[in-house]
Amino acid sequence: DGGITQSPKYLFRKEGQNVTLSCEQNLNHDAMYWYRQDPGQGLRLIYYSQIVNDFQKGDIAEGYSVSREKKESFPLTVTSAQKNPTAFYLCASSKDPYRYGYTFGSGTRLTVV
Amino acid sequence: DQQVKQNSPSLSVQEGRISILNCDYTNSMFDYFLWYKKYPAEGPTFLISISSIKDKNEDGRFTVFLNKSAKHLSLHIVPSQPGDSAVYFCAASANNAGNMLTFGGGTRLMVKP
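Chains A and C supply the protein sequences, listed in that same order.
Letter by letter, the first sequence follows residues 1 to 113 in our numbering.
Letter by letter, the second sequence follows residues 1 to 113 in our numbering.
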């Protein structure tokens with residue numbers, strides 16, 4: 001079955017450490033996205049990529065980095081520069097958002113300890 | 001500037017009654033709208049969509065209404081069931097938006113048995 005997989009589901013990070021969240025899709029979608037959700041809040045766009053080897057900053061890119069070396073993969077690194085990284089992170093992909101919207105992964109909950 | 005707004009952060013409804021979730025937008029270029037449903041610690045799942053050439057789209061218990069002149073859409077759930085308890089996000093897209101969806105802040109629906 002095609003889908004989008006995020007791992008790990010739960011992640012704990014010590015202050016000052018970088019961590020990388022995985023996102024893999026086998027839907028053959030060109031576009032991929034990273035969102036952050038805080039408790040009681042909506043979805044805020046961190047980064048997105050419309051094609052391999054290209055990505056764009058979203059609304060809250062500071063303290064995050066991404067790469068898109070393969071169509072299937074769009075990992076997100078939360079760096080030590082991100083001041084408040086504890087949140088629920090969602091990855092999504094799309095063939096054509098205008099017609100089909102996004103397909104979301106199941107999310108990664110990151111907690112700084 | 002929030003282009004898509006869901007002004008009610010929460011809604012409580014009795015089982016069997018109608019749930020009405022509202023969404024307003026400001027960008028007149030938006031011409032495709034989607035509703036997503038999200039359970040805690042999971043990714044959002046697509047529920048229903050509507051194109052601006054229509055004013056109503058129905059799928060089982062779910063109906064989305066679009067009022068273009070008012071820049072308003074609503075999701076009706078009839079009859080509401082306890083399993084419908086979740087956060088609902090509306091999203092909007094424009095044909096020239098570069099493969100992006102703009103999300104509202106979400107409305108938490110609680111259906112009481």
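Honestly, the hints are just simulated from the structure, not real lab data.
Glycine included, every Cβ here is placed at the ideal spot set by N, Cα and C.
Watch out, some of these pointers could steer you wrong.
Computed spacing ranges between beta-carbons, pair by pair [unchecked claim]:
| # | chain 1 | residue 1 | chain 2 | residue 2 | range |
| --- | --- | --- | --- | --- | --- |
| 1 | A | K57 | C | N95 | 20 to 30 Å |
| 2 | C | E15 | A | V113 | 34 to 44 Å |
| 3 | A | Y10 | C | P79 | 16 to 26 Å |
Ascending list of hint numbers which this structure does not respect: 3
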